[in-house]
Amino acid sequence: MPTPPPKPLAGLKVLELGALIAGPFCAKVLAEFGAEVVKL
1 MPTPPPKPLA
11 GLKVLELGAL
21 IAGPFCAKVL
31 AEFGAEVVKL
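In terms of our numbering, the sequence shown has 9 at position 9, counting the first letter as 1, and numbering is strictly consecutive.
For the record, the hints were derived by calculation from the structure and aren't laboratory data. Where is the CB? At the ideal position from N, CA and C, for every residue including glycine. Watch out, some of these pointers could steer you wrong.
Stated by the list, open to error - Listed below are the simulated DSSO-like cross-link pairs for lysine-lysine, each with C-alpha atoms no more than 27 angstroms apart in a straight line: (1) Lys-7 / Lys-28; (2) Lys-39 / Lys-28; (3) Lys-39 / Lys-7; (4) Lys-39 / Lys-13.
Claimed, not checked - The calculated label-pair distances, taken between Cβ atoms and stated as ranges, are: (5) Pro-24 / Met-1: 17 to 27 angstroms; (6) Phe-25 / Met-1: 31 to 41 angstroms; (7) Cys-26 / Pro-5: 15 to 25 angstroms; (8) Leu-30 / Pro-4: 13 to 23 angstroms; (9) Pro-2 / Gly-23: 35 to 45 angstroms.
I would like the entire structure built from these sequences, with the hints used as guidance.
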């Protein structure tokens, strides 16, 4: 079984500081594309 290709944002680190709707939503989308998201 072949390994899947890396996601487009693999290796990108994101610091999420948002508290309202837009910040957490954008962090979720970036995480789905492979970014490592750290929420504070």
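Outcome of the hint check:
1. Note on Lys-7 and Lys-28: the hinted pairing holds, with a Cα-Cα distance of about 14 angstroms set against a maximum of 27 angstroms.
2. For a cut-off of 27 angstroms, the pair hint linking Lys-39 to Lys-28 stands: about 10 angstroms separates their Cα positions.
3. For the hint linking Lys-39 to Lys-7, the alpha-carbon distance of about 20 angstroms falls within 27 angstroms, and the restraint holds.
4. A distance of roughly 11 angstroms separates the Cα atoms of Lys-39 and Lys-13; the hinted pair therefore holds under the 27 angstroms criterion.
5. The hinted window of 17 to 27 angstroms between Pro-24 and Met-1 is violated, with their beta carbons roughly 34 angstroms apart.
6. Phe-25 and Met-1 have their C-beta atoms about 33 angstroms apart, which keeps the hinted 31 to 41 angstroms range intact.
7. Our hint of 15 to 25 angstroms for Cys-26 and Pro-5 holds, since their Cβ atoms are close to 24 angstroms apart.
8. At about 18 angstroms, the CB distance of Leu-30 to Pro-4 agrees with the hint of 13 to 23 angstroms.
9. The beta-carbon spacing between Pro-2 and Gly-23, approximately 36 angstroms, falls within the hinted interval of 35 to 45 angstroms.
Hint check: a violation occurs at hint 5 only; the rest are consistent with the structure.
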